[in-house]
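Read top to bottom, the protein sequences are chains A and B. In terms of my numbering, the first sequence is residues 1 to 281. In terms of my numbering, the second sequence is residues 1001 to 1357.
It is worth saying that the hints were derived from the structure and are not from the lab. Predicted, not measured: the structure shown is a model, and the values here were computed from it. Just so it is clear, CB atoms sit at the ideal spot from N, CA and C, and this is done for glycine as well. Among these hints, one or two may not hold up.
Dumping the calculated DMTMM-like pairs for lysine to aspartate or glutamate here, alpha-carbon to alpha-carbon at most 20 Å [to be verified]:
| hint | chain 1 | residue 1 | chain 2 | residue 2 |
| --- | --- | --- | --- | --- |
| 1 | B | 1031 | B | 1178 |
| 2 | B | 1031 | B | 1221 |
| 3 | B | 1071 | A | 175 |
| 4 | A | 191 | B | 1129 |
| 5 | A | 191 | B | 1133 |
| 6 | B | 1212 | B | 1225 |
| 7 | B | 1212 | B | 1018 |
| 8 | B | 1108 | B | 1120 |
| 9 | B | 1105 | B | 1117 |
| 10 | A | 229 | A | 242 |
| 11 | A | 191 | B | 1106 |
| 12 | B | 1212 | B | 1160 |
| 13 | A | 191 | B | 1095 |
| 14 | A | 191 | B | 1075 |
| 15 | B | 1212 | B | 1054 |
| 16 | A | 229 | A | 243 |
| 17 | B | 1071 | A | 176 |
| 18 | B | 1031 | B | 1194 |
Now the in silico label distances, taken between C-beta atoms and shown as ranges [claimed, not checked]:
| hint | chain 1 | residue 1 | chain 2 | residue 2 | range |
| --- | --- | --- | --- | --- | --- |
| 19 | B | 1218 | A | 194 | 44 to 52 Å |
| 20 | B | 1128 | A | 194 | 21 to 29 Å |
| 21 | A | 168 | B | 1129 | 24 to 32 Å |
| 22 | A | 198 | B | 1128 | 21 to 29 Å |
| 23 | A | 91 | B | 1218 | 40 to 48 Å |
Listed here are the chains, written in short residue letters.
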Amino acid sequence: MSAPALTGIQTESRRGRRLLLAAAIAWVALLLLLPLIAIFWTVVRAGLSSVTHTLTEPDVLHAFQLTAIVTVVTVVMTTLFGVIVAWVLVRQRFHGRSLLNAVVDIPFALSPVTVGLAAVVLFGPGGWFAPFFAARGIQIIFALPAMVLVTIFICIPFTIREVVPVLEEIGLDEEDASRTLGASVWLTFFKVTLPNIRWALAYGIALTTARAIGEIGAVLIVSGLIQGKTETATLFIFRAYEERQTAEAYVVALALAAVSVTLLLVIELLRHRQEVERTRT
Amino acid sequence: MSTPIVVDGISKQFGSFEAVRDVTFTAPEGKITALLGPSGSGKSTVLRMIAGLEEPNQGRIFMGEDELTVKSVQERQVGFVFQHYALFRHMSVSDNVAFGLRVRKESKQTRDQRVGDLLDLVQLTPFADRFPDQLSGGQRQRVALARALAPQPQVLLLDEPFGALDAKVRQDLRRWLDELHRELGVTSLLVTHDQEEALELANQIVVMHEGKVEQVGTPAEIYDEPVTPFVAGFVGSANVLHGEVVDGHVHLGSMRIPGAGHLDEGAPAAAFVRPHDVVVTGNGDGVHAVVERVSSLGWLARVSLRLPGGETLVAHVPNDDLHGAGEGDEVRVDLRNPKAFFAPEHASEPDELVAGA
Chain A
1 MSAPALTGIQ TESRRGRRLL LAAAIAWVAL LLLLPLIAIF WTVVRAGLSS
51 VTHTLTEPDV LHAFQLTAIV TVVTVVMTTL FGVIVAWVLV RQRFHGRSLL
101 NAVVDIPFAL SPVTVGLAAV VLFGPGGWFA PFFAARGIQI IFALPAMVLV
151 TIFICIPFTI REVVPVLEEI GLDEEDASRT LGASVWLTFF KVTLPNIRWA
201 LAYGIALTTA RAIGEIGAVL IVSGLIQGKT ETATLFIFRA YEERQTAEAY
251 VVALALAAVS VTLLLVIELL RHRQEVERTR T
Chain B
1001 MSTPIVVDGI SKQFGSFEAV RDVTFTAPEG KITALLGPSG SGKSTVLRMI
1051 AGLEEPNQGR IFMGEDELTV KSVQERQVGF VFQHYALFRH MSVSDNVAFG
1101 LRVRKESKQT RDQRVGDLLD LVQLTPFADR FPDQLSGGQR QRVALARALA
1151 PQPQVLLLDE PFGALDAKVR QDLRRWLDEL HRELGVTSLL VTHDQEEALE
1201 LANQIVVMHE GKVEQVGTPA EIYDEPVTPF VAGFVGSANV LHGEVVDGHV
1251 HLGSMRIPGA GHLDEGAPAA AFVRPHDVVV TGNGDGVHAV VERVSSLGWL
1301 ARVSLRLPGG ETLVAHVPND DLHGAGEGDE VRVDLRNPKA FFAPEHASEP
1351 DELVAGA
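Same shape as in the complex, but just chain A (with noise of 0.2 Å):
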């Protein structure tokens, strides 16, 4: 028998798989790509002198000190507490476990100038704690403490998210193995639990990272944009492109833009190295 000749229904599924290709791949390359090449060819028009001009600028290297410090901060609090609660979601019973389960997503739910107003309620100038700190001669809000403390919220729910199904998903029997056979509590953590969610962990510290860089709307509200003090790099970005200094605002976003997709490359390879490990056991 010969090969059949496709049939008007094949004929007719190959295109259509070719046009939703083809639809795929347009919406990503305008919708992602496009903005980044618009923005990369900017400064670049705009010449190498532009680059290394704003580079140098003081304001610049403050807000980008200014952004690593919130950024590593955030990073180290949200992992510490998030292996924290996505182990005890996991594995313990008590009530209202559903509840810190939902609560646990909120950041996800709401806008992060929410949160910033939020901030100022509580910390802001007659707000619920201000007398607490002024008492004391800490300065919360308008300051470093309060861009981190929104910066912090924000980022809570991405390590939780990535550690709670790997927990899940090892269940008890390795933790209880290493107890029957003399290791401590910690020591278990240590040396079974912490290297089987290390990749999760990985995964959500680079997503937390990425999110702080990017953060503006909470620590626009929470910062009183002081230029040089409390200005980060995408509030930088903000007031340059509002003083029309735009050739420096591009420049800055560039260099935002560059951190931000080595991380998501970074991810990726993270998370492609997690699923080859995955699909070996």
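With the hints as your guide, set chain B onto chain A.
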């Protein structure tokens, strides 16, 4: 070096569910004791309480003179083998085995020596640098066993160790474990739902049902002298026949089964008969029965018989003893070693009480 385990009246509740109720038994030193029962009978929970992975609500557990119940998991020094191996997936085979020795801060020399010996013992020396996911199920369970044995535990606890393996591997591993135990002589407790496994491996069997101990005895005692209807039905296959007690006999239609002297006159009773204890007598004594179906088991035949009262009886008889009787033929049957028990309600029998091969 080896010690007995004494379990003294332990109970465990999970919420309102009573998983284990007042369980007492002794696992003699250097022997294998099987905890046998259907799933949900509480046997794994008993094992986990001995290891310290669960805490009993009541009762005490001893290892020799030592009370275990006041110690943490880490202090109990028991070897535990899990159904799903529970190997550390990010460690090589030799690191898995060495884990308990590292925790105890043994010197590298002692560690290497012991890991080498154990891998030899479980015949996995060539696999020392492999990772768990590169091993078959049977190999993984042998690594798990080596890991559990490495810190030289006083007792070895095995929770359905062959449960996740296929039949052939299970057979091999069972025999291998038997030999290993003869060599090491460590007090062992084996949780299993497989009666064949318990009968073959154990020196003593504790039969559990709905959180309680039904019977403790040697495999022969459990098989030949079951003390409850549950044990009679669960261990080995058995026919269950219902009747009532008259004159110390269970009356089943035209059959009279002795051995019901301990039961009240007129009480409802159940009689248990093993398929190989049903004797087809050709035209001799016994009650009439009609052959419903004959299937070959090799040199034996599995014969389904219909009794005059309508009940079905399964017999395993040598082919020659059938005297050529086929389906629809009438034969006479006699019962050897029937066991009679009080059976208040017919409906509440467990599913396991199904007559058959």
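A quick look at each hint next to the structure:
| no. | hint | verdict |
| --- | --- | --- |
| 1 | 1031(B) x 1178(B) | holds, 11 Å |
| 2 | 1031(B) x 1221(B) | holds, 17 Å |
| 3 | 1071(B) x 175(A) | holds, 18 Å |
| 4 | 191(A) x 1129(B) | holds, 18 Å |
| 5 | 191(A) x 1133(B) | holds, 18 Å |
| 6 | 1212(B) x 1225(B) | holds, 19 Å |
| 7 | 1212(B) x 1018(B) | holds, 10 Å |
| 8 | 1108(B) x 1120(B) | holds, 18 Å |
| 9 | 1105(B) x 1117(B) | holds, 18 Å |
| 10 | 229(A) x 242(A) | holds, 18 Å |
| 11 | 191(A) x 1106(B) | holds, 17 Å |
| 12 | 1212(B) x 1160(B) | holds, 19 Å |
| 13 | 191(A) x 1095(B) | holds, 11 Å |
| 14 | 191(A) x 1075(B) | holds, 19 Å |
| 15 | 1212(B) x 1054(B) | holds, 17 Å |
| 16 | 229(A) x 243(A) | holds, 18 Å |
| 17 | 1071(B) x 176(A) | holds, 16 Å |
| 18 | 1031(B) x 1194(B) | holds, 19 Å |
| 19 | 1218(B) x 194(A): 44 to 52 Å | holds, 47 Å |
| 20 | 1128(B) x 194(A): 21 to 29 Å | holds, 24 Å |
| 21 | 168(A) x 1129(B): 24 to 32 Å | holds, 30 Å |
| 22 | 198(A) x 1128(B): 21 to 29 Å | holds, 24 Å |
| 23 | 91(A) x 1218(B): 40 to 48 Å | holds, 41 Å |
Figure legend: structure checked against the earlier numbered hints; every hint is met.
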